[in-house]
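Since the structure of chain A is provided, determine the placement of chain B with the ligand on it from the hints.
Which chain is which? The protein sequence lines are A and B, in order. Everything in the first sequence is counted per my numbering, starting at 1 for the first residue and increasing by one. Everything in the second sequence is counted per my numbering, starting at 1 for the first residue and increasing by one.
Treat the hints with caution; some may be incorrect.
Said to hold, decoys possible - No farther apart than 25 Å at their CA atoms in a straight line, the calculated lysine to aspartate or glutamate pairs in the DMTMM-like style are these:
#1 B:Lys34 - A:Asp82
#2 A:Lys161 - B:Asp153
#3 B:Lys172 - A:Asp53
Claimed, not checked - Which chain A residues face chain B? A few, computed with CB under 7 Å, are given here:
#4 Val37
#5 Gly41
#6 Asp194
#7 Tyr198
#8 Gly227
#9 Arg401
To be clear, the hints were calculated from the coordinates, so they are not data collected in a lab. As the structure is a prediction and not an experimental result, all values here were calculated from the model. Glycine included, each C-beta is placed from N, C-alpha and C at the ideal position.
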Amino acid sequence: MGMTITEKILAKASGQQQVSPGENIWVKTNILLTHDVCGPGTIGIFKREFGEDAKVFDKDKVVIIPDHYIYTKDLASHRNVDTLRDFVKEQGITNFYDPGTESYAGVCHVALPQHGHVRPGEVIFGTDSHTCSHGALGAFSTGIGNTDAGFIMGTGTLLIKVPASMKFIFNNTLPNYCMAKDIILTIINDIGVDGATYRAMEFAGNAITALSVEERMTICNMAIEAGGKNGIIEPDQKTIEYVKTKSPDKEFECFTSDKDAEYFAIKEYDASAIEPIVALPHSPDNGKKASECSDWKLDRAYIGSCTGGKITDFIRAAEVLDGNKVTIDTFIVPATREVEKGFYTEEVNGKKLIEIFKESGCIDPAPPSCAACLGGPVDTFGRINNSEICISTTNRNFIGRMGSKSGKVILASPLTVAASAITGRITDPREIIG
Amino acid sequence: MSQIIKGKVFVVGDNIDTDQIIPAQYLTLVPTIKEEYKKLGSYAFAGLPDSYKKFIKDGEMETEYPIIIAGNNFGCGSSREHAPISLGAAGTQVVIAQSFARIFFRNSIATGEIYPIDIETRLVDDLKTGDMVSVDIDKCILKTEEKEYTLGDLGDAKTVIENGGLFGHARKTGMI
Ligand code: SF4
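So here's chain A without its partners, still in its complex pose:
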């Protein structure tokens, strides 16, 4: 019987010829990712269970990227990063991106592929639910808790259930006023926040292959918002080129789904019919066409996070902002240092991105981190501290997600967020870019 790409990767990682949905298997881990919020707890469990002198399963495969609570005066946050530093030293961990040093990277899910830790066919576990992002490069990648991560830290393996796959096919051309974010918000609106619980979400079709690698990451990033275990896209030439520039010396294997693979469900969409969509408070599946929400007045706009803080996101936002002025507070947070550098090198209409952000009246960009995407300590840049209504390129709009419980968050693409920043109400980007 044929297998899906997800099943093939898991079969290889468990040393078997064939695996089927529902089976519990032990898989070998290629990368274990953790950060400042879950790292200290994971280390605590690792030590408690394996002993104070225990060694991690592989010092090159445990990747630690602090990113959540970096630019804050909060003491517990600093203590947690110190815990990571001590552990890295003690274990000789080779991939640590230390805040306040040259190696600091920023948001883990954008940094992980940028620093060459993601390859097709590999198995990645991370102590963060958006670890599903990395399926965009044809890997099996999923989020886990500290206990599971502590187990992997000691053994390099984890017992998991093979998920059944759902396939989402997008054919035809995605209109220029839409982005990958509109694709994934459309799916979530369609199937609901638990529409893919326990499932692998595989994205395919010529509209998906036409997307850049970064745009594909946006789609896989939000698989968890439909309850998915992993998001995945078959690797192609674009994937291979991306991976080879980031980690030229490493070998990898590309898998694709068999024609006779079995799917729990297959859904087909016409990409050319997609319209700019927003998810209204307080759920990512509360979708509505942006054009039908123009009566929603806004207090602020936020462009950032692992979903919408990549350089491609800022380039598209700058296309809308150029020559216009924002009328509400507009927060810009590059996901990583590399994205931040791009503000000074990438151009739109012959102007550097940083100039466009300045001229259009955005607040000076913050340094890279998760910042207000998940609220965080009260002094976090862009945090909702009162009852503000914020349109955002992030991935969750739960009650209190960006800070105060009385705030409201609306999710949208970078194009839609930029257009709305200009008018001060939810705005379909076509109103601005024609």
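Coordinates of chain B with the ligand only, in the frame set by chain A:
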């Protein structure tokens, strides 16, 4: 954990996400440090809208509700293990929901903090916060004064929780 859990229920709706169970500002607390574990418990459900009753009375560290009744997709959102841990640390022993988000379910079992049990009936409509019930984990039955409900069976996962979570289970079964 006892096999028959008796006490008051706390009833919540659908899609209760991890930000409502434990808001992000408390994630700096590290659950493996004893005092911080307790403190995490005292913030359980701190992110629920104010329309809900208080899960933990002001000034107290633990809840009076050992049983949580929920709708669909309980625990969706982040992978933070702080979520099942905060509920467990607060003194909750079981969450009975129509369905669970995957990572929350997995974390509940891996930590052995709470039993995540599903049920087909929409209990949320039948019960209200403060009602007294008893839950028989082995027999998969929830009893109120008037009625009996059949619960989903945890199967293998029950053994993992009884063995104290993933590590206890891995040791008992010779996996590590
Ligand atoms: S940017 Fe937001 S969603 Fe992404 S890892 Fe950071 S907090 Fe999580």
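A quick look at each hint next to the structure:
1. B:Lys34 - A:Asp82: Holds, at roughly 19 Å.
2. A:Lys161 - B:Asp153: Cα-Cα ~17 Å, so holds.
3. B:Lys172 - A:Asp53: 22 Å, holds
4. Val37: 5 Å, holds
5. Gly41: 5 Å, holds
6. Asp194: 4 Å, holds
7. Tyr198: Holds, about 5 Å.
8. Gly227: 6 Å, holds
9. Arg401: 5 Å, holds
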